[in-house]
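S.K.: Single-letter residue listing:
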Amino acid sequence: MRALIAAATGLVLAFALVLTITAMGSPMGKTSPKPLLTTVPAHP
Amino acid sequence: MRRKASLILLALAVFFTALSPLLRWYAFPRLAKIPANQYQDMVLEAKNATLLDYGTMQAKTVPKVTIVQTLKGNVEAAKKIDRTAGRDVVVWDGLSYVQGPDGKMVSSIPERYIFDAHTQDPVHATGEMVDGDPVKRDGIEFKWPFLTQKRDYEYFDAQTRTTNPIHYKGTQNFRGVKVYYFEQTIPWTKVPFPKTMPVKGITPESVAKTGTTRWYTTIRKFWVEPVTGAPVYGEEIHKEELRGGTLLGGRAKVTAFAGDVKMREDYIKHTVALVKSNRTLVLLMVSYLPWGFLSLGLLLLALSLYLEARSRRPGDPAPTEVQEPEPVTA
Chain S
1 MRALIAAATG
11 LVLAFALVLT
21 ITAMGSPMGK
31 TSPKPLLTTV
41 PAHP
Chain F
1001 MRRKASLILL
1011 ALAVFFTALS
1021 PLLRWYAFPR
1031 LAKIPANQYQ
1041 DMVLEAKNAT
1051 LLDYGTMQAK
1061 TVPKVTIVQT
1071 LKGNVEAAKK
1081 IDRTAGRDVV
1091 VWDGLSYVQG
1101 PDGKMVSSIP
1111 ERYIFDAHTQ
1121 DPVHATGEMV
1131 DGDPVKRDGI
1141 EFKWPFLTQK
1151 RDYEYFDAQT
1161 RTTNPIHYKG
1171 TQNFRGVKVY
1181 YFEQTIPWTK
1191 VPFPKTMPVK
1201 GITPESVAKT
1211 GTTRWYTTIR
1221 KFWVEPVTGA
1231 PVYGEEIHKE
1241 ELRGGTLLGG
1251 RAKVTAFAGD
1261 VKMREDYIKH
1271 TVALVKSNRT
1281 LVLLMVSYLP
1291 WGFLSLGLLL
1301 LALSLYLEAR
1311 SRRPGDPAPT
1321 EVQEPEPVTA
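Taken in sequence, the protein lines are chains S and F.
Each residue of the first sequence is one higher than the one before, starting from 1 at the first, in the numbering used here.
Each residue of the second sequence is one higher than the one before, starting from 1001 at the first, in the numbering used here.
Hint data in this document are derived by calculation from the structure and do not stem from the laboratory.
Some hints could be false.
As the list claims (entries may be wrong) - Cross-link-like lysine-lysine pairs, in silico, DSSO-like; alpha carbons within 30 Å at most:
#1 K34(S) to K1200(F)
#2 K1209(F) to K34(S)
#3 K34(S) to K1136(F)
#4 K1253(F) to K34(S)
#5 K1269(F) to K30(S)
#6 K1253(F) to K1150(F)
#7 K1033(F) to K30(S)
#8 K1276(F) to K34(S)
#9 K34(S) to K1060(F)
#10 K1080(F) to K34(S)
#11 K30(S) to K1136(F)
#12 K34(S) to K1262(F)
#13 K34(S) to K1079(F)
#14 K30(S) to K1079(F)
#15 K1150(F) to K1060(F)
#16 K1209(F) to K1047(F)
#17 K30(S) to K1080(F)
#18 K1064(F) to K34(S)
#19 K1169(F) to K1195(F)
#20 K34(S) to K1195(F)
#21 K1150(F) to K34(S)
Use the sequences and the hints to build the structure in full.
M.R.: Structure, rendered in structure tokens:
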């Protein structure tokens, strides 16, 4: 019974971690202030 | 004590074993995406190209034609479309600026490309356009999906405003990177004149009145790193002609541009380095971590079972049994 509880705890923690990380996502940030280029850049 | 340790190890074993498939098949498709605020530029060159001199209307060979391509993620537009589309989208505002050997503009074509941040499938929304003309892309453009497959894809051609297959032609090694080579041929097709013409006073409408039309063909080649779906190199054998009408002075056709367009060397090196670094990040999620977690989970499970078995070994001192008193018989 204790083994079953331990296994279930591990499983729940794994799901909780993955669901939390994916739910958080990543911020979209801001549009770059750099312009669309009409000159040839010297380097990347 | 051993039994407690084995139970903790069992919990950890299940945790890491479960994390392995969850990371690969649940988290990765949701976390891997193109950032909405990405900005990138690219310089391509066509050396010894043929270019039309609009002053004399004669084609001439020039040492170099340069194409500067910029892609800029429009975060505000992406947020608006996100809300209506109900998924993460990326809006790329792009500009293909073509410059002649004298530094003067040959053409300047803006476009807006809207796509799913995770799958790179095109998303249709107001504002999707090429050179001001509304378009509807049915395929990818610029970038392939993560974990690109060895198959043909639908690829959007901005000149013809059509989507056509781009064929997988084999696996190659490009500067130490395993890449899939894709090729697309666009046959001679009548295409619209750019809205911004190289000579002041000439507009697409004024050219249309002369009866002259613009035709285009290209062989498009991409070397795509399959894990990230990012092209590490690209080439185009590009030809444009003006045909018919009074503008050509009785000639049936004149070459407007012909050249083998290739990425500039410093941009190739930069792109290869960038793709190699991004490749490691993607591999971390689809391979290194899932396999690592699975191995760790199995190891912990074995350790847990071992500890459990040792705690039950017969050689160990047996717990003191309390003997029940035998019934006393008189």
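S.K.: Work down the list of hints and note, for each, if the structure agrees.
M.R.: Tested hints:
Taking the CA atoms of K34(S) and K1200(F), the gap is near 27 Å; set against the 30 Å cutoff, the hint holds. Under the criterion of a C-alpha separation no larger than 30 Å, the hint pairing K1209(F) with K34(S) is inconsistent with the structure, at around 38 Å. For a cut-off of 30 Å, the pair hint linking K34(S) to K1136(F) stands: about 27 Å separates their Cα positions. At roughly 40 Å between alpha-carbon atoms, K1253(F) and K34(S) are farther apart than 30 Å, so this suggested pair is violated.
For the given pair, K1269(F) sits about 27 Å from K30(S) by alpha-carbon distance, which is consistent with the 30 Å threshold. Between K1253(F) and K1150(F) the CA atoms are separated by roughly 39 Å; this puts the pair beyond 30 Å, and the hint is violated. For a cut-off of 30 Å, the pair hint linking K1033(F) to K30(S) stands: about 16 Å separates their Cα positions. For the given pair, K1276(F) sits about 25 Å from K34(S) by alpha-carbon distance, which is consistent with the 30 Å threshold.
Of the pairs offered as hints, the one joining K34(S) and K1060(F) is violated, with about 35 Å between alpha carbons and a cut-off of 30 Å exceeded. Proximity of K1080(F) to K34(S) is assessed by CA-CA distance (about 21 Å); at most 30 Å being required, the pair is judged to hold. A hinted pair counts as satisfied when its Cα atoms are at most 30 Å apart, and K30(S) with K1136(F) qualifies at roughly 26 Å. Proximity of K34(S) to K1262(F) is assessed by CA-CA distance (about 24 Å); at most 30 Å being required, the pair is judged to hold.
At roughly 19 Å between alpha-carbon atoms, K34(S) and K1079(F) fall within 30 Å of each other, so this suggested pair holds. Restraint check for K30(S) and K1079(F): the C-alpha separation of about 11 Å stays at or below 30 Å, so the hint holds. In summary, the hint linking K1150(F) to K1060(F) is not supported, as the alpha carbons are separated by about 41 Å, beyond the 30 Å threshold. Of the supplied pair hints, the one linking K1209(F) and K1047(F) is violated, its CA atoms being roughly 33 Å apart against a limit of 30 Å.
Distance hint between K30(S) and K1080(F) is fulfilled; the C-alpha atoms sit about 14 Å from each other, no more than 30 Å. Taking the CA atoms of K1064(F) and K34(S), the gap is about 26 Å. The hint holds against a cut of 30 Å. Note on K1169(F) and K1195(F): the hinted pairing is violated, with a Cα-Cα distance of about 35 Å set against a maximum of 30 Å. Under the criterion of a C-alpha separation no larger than 30 Å, the hint pairing K34(S) with K1195(F) is consistent with the structure, at around 24 Å.
Restraint check for K1150(F) and K34(S): the C-alpha separation of about 36 Å exceeds 30 Å, so the hint is violated.
The structure does not agree with the numbered hints 2, 4, 6, 9, 15, 16, 19, 21 stated previously, though it agrees with the rest.
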